[in-house]
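**Q** Whole structure, please, built from the sequences with the hints as guidance.
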Amino acid sequence: MAKKKNHELTVFITSHETTCSECGAELDRKVWITLDEKKGALCLACADLDHLWFLPSGDAALTRRTKKYSTLSAVVLKFSRARKRYERQGLLVEGEALERAEQECLADSDIRQRRNERAAVRRSELDREYVEKFVAKIREQYPGLPKGREIKIAEHACRKYSGRIGRTAEAKIFSQQAVKLAVIAHIRHTETEYDTLLSHGYDRYEARAMVEKDVLETLVKWQE
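Mind the numbering: the sequence shown is residues 1 to 224 in the numbering used here, read in order.
It is possible that some hints are incorrect.
[What the hints assert, rightly or not] Derived DMTMM-like pairs: lysine to aspartate or glutamate, alpha-carbon spacing no greater than 25 Å straight-line: (1) Lys67 to Glu8; (2) Lys84 to Glu37; (3) Lys38 to Glu22; (4) Lys180 to Glu193; (5) Lys78 to Glu22; (6) Lys68 to Glu117; (7) Lys221 to Glu140; (8) Lys152 to Asp214; (9) Lys147 to Glu212; (10) Lys180 to Glu155.
Hint data in this document are derived by calculation from the structure and do not stem from the laboratory.
**A** Laid out in structure tokens, this is it:
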């Protein structure tokens, strides 16, 4: 697998309203997007980056270690009108990589505080009753799913304001297809080399084609 040259994923915090060119969602100011050369603005859900966590700039050691451990990461930029340039705000990184780096960098009390703060934010974005129903549907359709995964999939899919498949009108009636799409997205990120391919400069369509066989095999296995 060849790594493409000079590739660094970049996410922008918008300074004006825009529209996702793929899902058609209207995006307010300060929404995070990527820019596709052919399609234009993409929301993070459509760019397949919405599973990443934000690590603000300011702690060089934590940032360095987290980036080392994170297979996929993206630089977050925001335009400064005063300085008339884009300025770095931090990184989007994998949650497990951030937690591993925190273990190396912080005292136990600081680790607990940071994790509690992140957990509080994520809890505030979740409709618990809705998540529980989504969990039940996932388990019903995919009884072979490793224990505990259904909770991660449902929480990721159901976070409010995110534009993820779990918040679409179709998902609100818990259709079989909506649940399937949420599970497929989880498989791509956790059971294949999809994130590695993105980090190496392959676009989403190339990367999805390359891991499609593995995704389908895992999906069938989890249905048993």
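**Q** Now tell me, hint by hint, if it's right for this structure.
**A** Evaluation of the provided hints:
Simply put, Lys67 and Glu8 have alpha-carbon atoms about 12 Å apart, close enough for the 25 Å limit, and the pair holds. Distance check on the hinted pair: Lys84 and Glu37 sit about 23 Å apart at the alpha-carbon level, within 25 Å; holds. With a C-alpha separation of about 11 Å, the suggested pairing of Lys38 with Glu22 holds against the 25 Å cut-off. The straight-line distance between the Cα atoms of Lys180 and Glu193 is roughly 20 Å, inside the 25 Å bound, and the hint therefore holds.
A distance of roughly 22 Å separates the Cα atoms of Lys78 and Glu22; the hinted pair therefore holds under the 25 Å criterion. At most 25 Å may separate the alpha-carbon atoms for a hinted pair to count; Lys68 and Glu117 meet this at roughly 23 Å. The straight-line distance between the Cα atoms of Lys221 and Glu140 is roughly 14 Å, inside the 25 Å bound, and the hint therefore holds. For the hint linking Lys152 to Asp214, the alpha-carbon distance of about 20 Å falls within 25 Å, and the restraint holds.
For the suggested pair Lys147 and Glu212, the alpha carbons sit about 23 Å apart, so the restraint of at most 25 Å is met. Of the supplied pair hints, the one linking Lys180 and Glu155 holds, its CA atoms being roughly 15 Å apart against a limit of 25 Å.
Of the numbered hints given earlier, the model fails none.
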